[in-house]
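Chain A is fixed; fit chains B, C and D onto it per the hints.
Protein chains: 4
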Amino acid sequence: MIPRNPDFAQAVRASFDRQGAMSHLGTRLVRIEPGVCVLEQPFGPAVAQQQGLFHGGMIAAVADVAGGYAALSMAEAGQEALTVEYKINFLAPARGEILVATGQVVRAGRSLIITRIEVAVRAAGQEKPCATALQTIMPVAPFADRAPA
Amino acid sequence: MIPRNPDFAQAVRASFDRQGAMSHLGTRLVRIEPGVCVLEQPFGPAVAQQQGLFHGGMIAAVADVAGGYAALSMAEAGQEALTVEYKINFLAPARGEILVATGQVVRAGRSLIITRIEVAVRAAGQEKPCATALQTIMPVAPFADRAPA
Amino acid sequence: MIPRNPDFAQAVRASFDRQGAMSHLGTRLVRIEPGVCVLEQPFGPAVAQQQGLFHGGMIAAVADVAGGYAALSMAEAGQEALTVEYKINFLAPARGEILVATGQVVRAGRSLIITRIEVAVRAAGQEKPCATALQTIMPVAPFADRAPA
Amino acid sequence: MIPRNPDFAQAVRASFDRQGAMSHLGTRLVRIEPGVCVLEQPFGPAVAQQQGLFHGGMIAAVADVAGGYAALSMAEAGQEALTVEYKINFLAPARGEILVATGQVVRAGRSLIITRIEVAVRAAGQEKPCATALQTIMPVAPFADRAPA
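From first to last, the protein sequence lines are chains A, B, C and D.
Sequential numbering from 0 applies to the first sequence in numbering that gives the first Met the number 0.
Sequential numbering from 0 applies to the second sequence in numbering that gives the first Met the number 0.
Sequential numbering from 0 applies to the third sequence in numbering that gives the first Met the number 0.
Sequential numbering from 0 applies to the fourth sequence in numbering that gives the first Met the number 0.
Just so you know, the hints here were simulated from the structure itself, not pulled from any lab data.
It is possible that part of the hints are untrue.
Intra- or inter-copy, both count: the list cannot distinguish identical chains.
[What the hints assert, rightly or not] SDA-like, lysine to any residue: derived pairs with alpha carbons at most 20 Å apart:
1. K127 - G51
2. K127 - Q48
3. K127 - Q103
4. K127 - A13
5. K127 - Q78
6. K127 - R115
7. K127 - M0
8. K127 - G77
9. K127 - E79
Bound conformation, chain A alone (with noise of 0.2 Å):
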């Protein structure tokens, strides 16, 4: 994966920084490579449901926000990451102190790209498979009020 934009990792940076939602959350952004994100959300109350478990919302919206970076980091700078759609299936209770999110582009159109997003919950250690995703982005240009589609 060869990035359209040199300062792909700073432009993610700093779009990270400025997501509201996610400093509340305290999610981390703890990798980025052309085409590569990874997020580390650790359990706390806001991100849990009444058993204990990271909420499903969460577990998802933590997963969207992973692909829309792996995305942004094959635009072209200057563009933003809007997310047209995703499709989440849950493959397990997700117990455990970090949920990690990869997100991977699979493929980066110049009118949409293609993510694929892995979630895992890491517990004593060990990491297991909670969620998969599969997400349309569009690159668009920036601070627009514009729709998806």
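Below, chains B, C and D alone, put in the same frame as chain A:
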């Protein structure tokens, strides 16, 4: 739609009230009927992205919960609704005061319940569609540490 | 829904008639309106699985085409409708004489068109839902050797 | 992956041979292992669209079957694999001599099996990805007139 559990509304409300993540976001359960659940989500920092719109991840989380409770209204007494998977398409930027997510059961089987969710955003008294989703729910015995599969 | 191409019905019919696979299966275009396309697929060996039901793959193929032409009715003159992705849920065994697939545009953007498709099976004069799908279409210039992305 | 049915390969081959639609298209089962199924589909009029590419609907049908048999290899003896739902992204125009669909089990539960399917097209000895899918399969007792839900 004829509910299998005559106390379905009470079961849904009791489960919703136990959802820490929902009370954390300020989500409201405004309507529950056999096969239908409507949630409202007021705008605020916890559900915002950097440009003052509702965050896509939060839209998906509210949609997921609306579909899950629509499904739960058609489950048997004592069951919980486990999300197997869903797919969401974003239709327009979600700028407004309140998000309205309407979950509707499409087919209520014994082992799987299929739902559709429409999400609109209300601004200045007008509602505008912003997302649509299709979801597979598995009704299960509660409190078990079980996977969706 | 206001079509961008006043000759949308003719454009859809001309494209449909060029579809070798559809004429091979005996699929019929029975209705085309702005944002709506209805196809009918008679039962027969080419669309059957081993137990005498409509084959899931063929149900999905007809659904995909119904959604694609609903989208094409809202595209500009001279464009084609490329399927970016879709997701389909099967609701019931499809036993009957005719499959009826109704594609409807949910949002008609310039770069992407989102559609929903409902598939029913008609048996002894009664229609029963058997599948539902959600689809993303990209309107594109024709005859180019282009990818969806 | 440890199969529950020691005769899984025979079960898959017997089921595949009963599939009228597959023999009609000339689809070949080229590999079956625990959790993995590879199908090959030669190009021809029955799987073509108007521009000489593999038809999207046929790509999806072959993908669906590859995923279903990967799942069946992990089911119990005597079960069939019912497709609950799938989602497919098209990645590139499918021009070539042979379509190669590889289904892989992601999680093999007792009530649901989740699979991923990668589809490539082979042209002049080179394989190029053209579609990727995520699928939910329900293992069920055979020959019953049952719905996926």
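Okay, the hints, checked on the actual structure:
1. Taking CA atoms no more than 20 Å apart as the test, K127 paired with G51 passes inside one copy only; the shortest distance there is 17 Å, against 35 Å between copies.
2. In this homomeric assembly, K127 and Q48 come within 20 Å of each other (Cα to Cα) only inside a single copy, at 19 Å, whereas the closest approach across copies is 30 Å.
3. Taking the shortest Cα distances, K127 and Q103 sit within 20 Å of each other both inside one copy (18 Å) and across copies (18 Å).
4. Taking the shortest Cα distances, K127 and A13 never come within 20 Å of each other, neither inside one copy (30 Å) nor across copies (31 Å).
5. When the C-alpha separation of K127 and Q78 is checked against a cutoff of 20 Å, the pair qualifies neither within a copy, at 34 Å, nor between copies, at 26 Å.
6. For the homomeric pair K127 and R115, the shortest alpha-carbon distances inside one copy (17 Å) and between copies (17 Å) are both at most 20 Å.
7. Within a single copy, K127 and M0 get their C-alpha atoms only as close as 27 Å, which misses the 20 Å cut-off; across copies the closest is 15 Å, which meets it.
8. Neither within a single protomer nor between protomers do K127 and G77 lie at most 20 Å apart by alpha-carbon distance, with minima of 36 Å and 29 Å respectively.
9. Taking the shortest alpha-carbon separations for K127 and E79, neither the intra-copy value of 31 Å nor the inter-copy value of 24 Å comes in at or below 20 Å.
Of the numbered hints given earlier, the model fails hints 4, 5, 8 and 9; all others are met.
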